[in-house]
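Peer 1: Chains as they are written, first to last, in numbering that gives the first Met the number 0: chain A, 0 to 471; chain B, 0 to 377.
One or more hints might be untrue.
[Claimed, not checked] Going by beta-carbon spacing under 7 Å, a handful of chain A positions derived as facing chain B:
hint: 1; residue: His-62
hint: 2; residue: Ala-142
hint: 3; residue: Tyr-147
hint: 4; residue: Met-150
hint: 5; residue: Pro-237
hint: 6; residue: Thr-238
hint: 7; residue: Phe-335
hint: 8; residue: Gly-343
hint: 9; residue: Ile-367
hint: 10; residue: Phe-371
hint: 11; residue: Leu-372
hint: 12; residue: His-382
hint: 13; residue: Gly-449
hint: 14; residue: Pro-453
These are calculated hints, taken from the structure and not from any lab test.
Backbone N, C-alpha and C fix where the C-beta goes; we use that ideal spot for every residue, glycine too.
These are the residues of each chain, in order.
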Amino acid sequence: MSATAVHAGGIADHIHAEPQGFVRRYIFSIDHKIIGIQYLITGFVFLILAGMLAEVIRTQLLHANGGFVSPDVYNEVYSMHGSSMVWLVIIPLITGGFGNVIMPLQIGARDVAFPWLNMLSFWIFPVAGLMLFSSFLIGAPVAGWTEYPPMSLQAGPGTSMWAAAIFLVGVSSTLTGINFVVTMFQMRAPGMTFTRMPLFCWAQLATAPLLMIATTALAAALAALFMERQFGVPFYDPTKGGSPVMWQHMFWFYSHPAVYIMVLPAFGMISEILPVFARKPIFGYKMIAFSSMSIALLGFMVWAHHMFTSGLAPFLQLPFMILTFTIAIPTGVKIFSWTATLWGGKIHFTTSMLFAVGFVGLFALGGITGIFLAAVPFDFHVHGTYFVIAHFHYVLVGGSLMGVFAGTYFWFPKMTGRLMNETLGKWHFWIFMLGFNGTFLPQHWLGMLGMPCPSTIRSLHSGTTSRRSRRM
Amino acid sequence: MVENRAAAVSLGRGFWTVTAVLAVLSVIGIYFCYAEPIDLIMPAVGAQPGEQVDTLLRFMMASGTALFIYVAGYLIYFSIVFRAKATDGPDAVGIQIHDHNVLEFWWTLIPTLFVVLLSILSVKIWYQIQVAQPANGLVVESLGHQWYFTFRYPQVNGEVTGEMHLPINQPVVLNTTSSDVIHSFWVPAFRLKADMIPGLINTIRFTPTVIGRYPIICTEFCGTDHGMMNAQVPGENGKANPGAEYVVVDSPADFQKWYHAVQLKNANASNALPSTSGTISLAGGDAAAGQALFQQKCSACHAIGPFSQRIVGPGLKGVLDDPTHPKLVDGDAATPADVATILQKGFTGDLGHMPDATQNGLSDKDIANLVAYLASLK
Chain A
0 MSATAVHAGG IADHIHAEPQ GFVRRYIFSI DHKIIGIQYL ITGFVFLILA GMLAEVIRTQ
60 LLHANGGFVS PDVYNEVYSM HGSSMVWLVI IPLITGGFGN VIMPLQIGAR DVAFPWLNML
120 SFWIFPVAGL MLFSSFLIGA PVAGWTEYPP MSLQAGPGTS MWAAAIFLVG VSSTLTGINF
180 VVTMFQMRAP GMTFTRMPLF CWAQLATAPL LMIATTALAA ALAALFMERQ FGVPFYDPTK
240 GGSPVMWQHM FWFYSHPAVY IMVLPAFGMI SEILPVFARK PIFGYKMIAF SSMSIALLGF
300 MVWAHHMFTS GLAPFLQLPF MILTFTIAIP TGVKIFSWTA TLWGGKIHFT TSMLFAVGFV
360 GLFALGGITG IFLAAVPFDF HVHGTYFVIA HFHYVLVGGS LMGVFAGTYF WFPKMTGRLM
420 NETLGKWHFW IFMLGFNGTF LPQHWLGMLG MPCPSTIRSL HSGTTSRRSR RM
Chain B
0 MVENRAAAVS LGRGFWTVTA VLAVLSVIGI YFCYAEPIDL IMPAVGAQPG EQVDTLLRFM
60 MASGTALFIY VAGYLIYFSI VFRAKATDGP DAVGIQIHDH NVLEFWWTLI PTLFVVLLSI
120 LSVKIWYQIQ VAQPANGLVV ESLGHQWYFT FRYPQVNGEV TGEMHLPINQ PVVLNTTSSD
180 VIHSFWVPAF RLKADMIPGL INTIRFTPTV IGRYPIICTE FCGTDHGMMN AQVPGENGKA
240 NPGAEYVVVD SPADFQKWYH AVQLKNANAS NALPSTSGTI SLAGGDAAAG QALFQQKCSA
300 CHAIGPFSQR IVGPGLKGVL DDPTHPKLVD GDAATPADVA TILQKGFTGD LGHMPDATQN
360 GLSDKDIANL VAYLASLK
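Next up, chain A with everything else stripped away, as it sits in the complex (with noise of 0.2 Å):
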């Protein structure tokens, strides 16, 4: 198929006749914006969901010796905590959610390649949900949202729900990454050429790879992690001449590339939301653009560096240690560009607007503790420590979901014809700035003196030599 015979009747003017009632059009919708709103919905439903166990994550940690809750619970707590906030909120709503209401839309495209296949993966997803949260019921898994074996061979029956629910997201993140790559390169409008696409469709163009290429090993690790819970196939187990380090590898070879898969999009919307309300063009654009592929691509080859106390052959660590510290060039880059996007504007500090200047702020942080942990030296010390939480957690609410937010509060009117409240808008941002820094910033401190994570218990009041440490 010629690209001219698309733009000249191909998939890109099959027109579908306007569904009729509630259910199809709602519902079992095959339209991408309605598919889109459907995922932000859900996807938000989860997020308060995984927010209210990250209060109980808190509150157990209020008091020194813990106390809320049983050690046992809180480890179901915060590894559910994890899981749903990886794969029930960020990749959904940023992907599948913003991804499917704006890129068709700036391209000028009609729809997506393949809508009945969109609406299939945005049907797994609330199914995989209820499946991960079900498993409540039996005992969730307690070894956080990276499983370790033989941790996971060990948890009760809730590991298995969630490799299976987490396979079916997996599946809905391939589907659609698929169906994005064929909407892009099949379906722009014409004259919309690759270097005029809006820098959104740049960071989807970036993403949907990852999503259809990493999720894969992800689905054989977890399928090999299912079969040997339930049918004793030995994939892991030392004991049987499994590998525990296989997971490992396989785990980290998916979850890498997916901190790219929850942070490029926010980038693209960032590169859409700076230029708007600082009333100038986005400075820079084919350097964020190619940054983000950039990005995607080394974002493959770093995996082992969350593997550097896992016994990895000396040598090996310096080829990922050098390779991460690559990716801070353009990282680097797009943060000047966006910096720089600011210079000489007439800016309206809408709260969308707010949000995505914090965003700049905060993801630098997280992006500068990158750097720090990608040191092989200086990761041996704090590798596994509060130091890391708090380095994800400027990269992942810093960064993904504040750009979740400002996207909200962006295209929210696109959705609906509807403006957001700004007064309430602006109390969000200003409120969430001080608990998310307040909340995150002393974890730094936290974990370079010896904070363990996770932790049921807050361990610093004793023990240390450190003179802040004896003064708290």
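Let chain A serve as the given structure and place chain B on it in line with the hints.
Peer 2: Just chain B now, with coordinates in the frame of chain A:
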């Protein structure tokens, strides 16, 4: 491709003043990163090569601080100076500039040079930690269990708990592994960490340099009481928690005193110090006694199962008559004498490392009993 070049001439009110202020703030930040004692934010160093890690941390903190001051400073400055004013019309737009090649060239090149510099420094310090440490030091082992650590020393029977004593200024080779799930051995004061992975031996090497008592912390989630594998955590009613374990760095004399006390405490009558030379008489080996001994001394690393069933070492079921069992010592099928030789002299090779009879605290009689037990497994 600079559009509207005329408008881009003026950088805006106070741009260079702000840049100068940010430079001063960055210099102050960098000064603090180098001048303040590191124990404001890290536990005091207790071993080499901990100080090199701190050198790297100071460099990264200094450069990160400067970068963040500039990014945040310009964000705030632009937000204030370039906000839309009440006097601007509703359609007022900012300066229509799309890019600036020279500026973009420099802000790509400078981070690239920084990455090169950071890589050189990190690789140098990595070399100190991973390669340049003395290879032959005191070999100590630590095993992770749910939910405590144990330690093993040469010529000490069994496992030591509670405190791992080390002599000051003596290089240490610490081999770690686990008996169940993955744990992680972290001494913050030493800046070193090794994941304890069942089936693998992970080694860290260091030299304690400061006499003191340093908490050991598990940093890999390992089950319900993972939080108790942390010496900083108090137990019930103010008593020490069972997983509260420490590395204690002693003077050489204090270490010798402790070491002999542990040797005596852990020795028992049937385990008189063995000989490591001469041929062992295997006659009269008692399989039942061997089985008890196996449970006590071997089962942490060896399963009674097929050869492929590894914990640390291979499974040992049918070691003397299983045709699939690799030829152990000299290429021929294993004989009781071969097994006795391995028990006596230890093993180092492709299958890993097994301590010798001295380190395991096995007498000749014990070896005969163990061989009889292993021969009885068909």
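Peer 1: Please go over all the hints and tell whether each is borne out by the structure.
Peer 2: Hints versus structure:
1. His-62: violated, 13 Å
2. Ala-142: Hint on Ala-142/A: holds, closest Cβ of chain B at ~6 Å, below 7 Å.
3. Tyr-147: Because about 6 Å separates Tyr-147/A from the closest Cβ in chain B, which is inside the 7 Å limit, the hint holds.
4. Met-150: Holds - the Cβ of Met-150/A comes within 7 Å of chain B, reaching about 4 Å at its closest.
5. Pro-237: OK, holds: Pro-237/A within 7 Å of chain B, min 3 Å.
6. Thr-238: Given a least distance of 6 Å, the restraint on Thr-238/A holds.
7. Phe-335: holds, 5 Å
8. Gly-343: holds, 4 Å
9. Ile-367: holds, 4 Å
10. Phe-371: holds, 5 Å
11. Leu-372: With a minimum Cβ separation of about 10 Å from chain B (threshold 7 Å), the hint on Leu-372/A is violated.
12. His-382: Interface hint status for His-382/A: holds (6 Å vs cutoff 7 Å).
13. Gly-449: This hint holds: Gly-449/A lies near chain B, its Cβ roughly 4 Å from the closest one there, short of 7 Å.
14. Pro-453: holds, 6 Å
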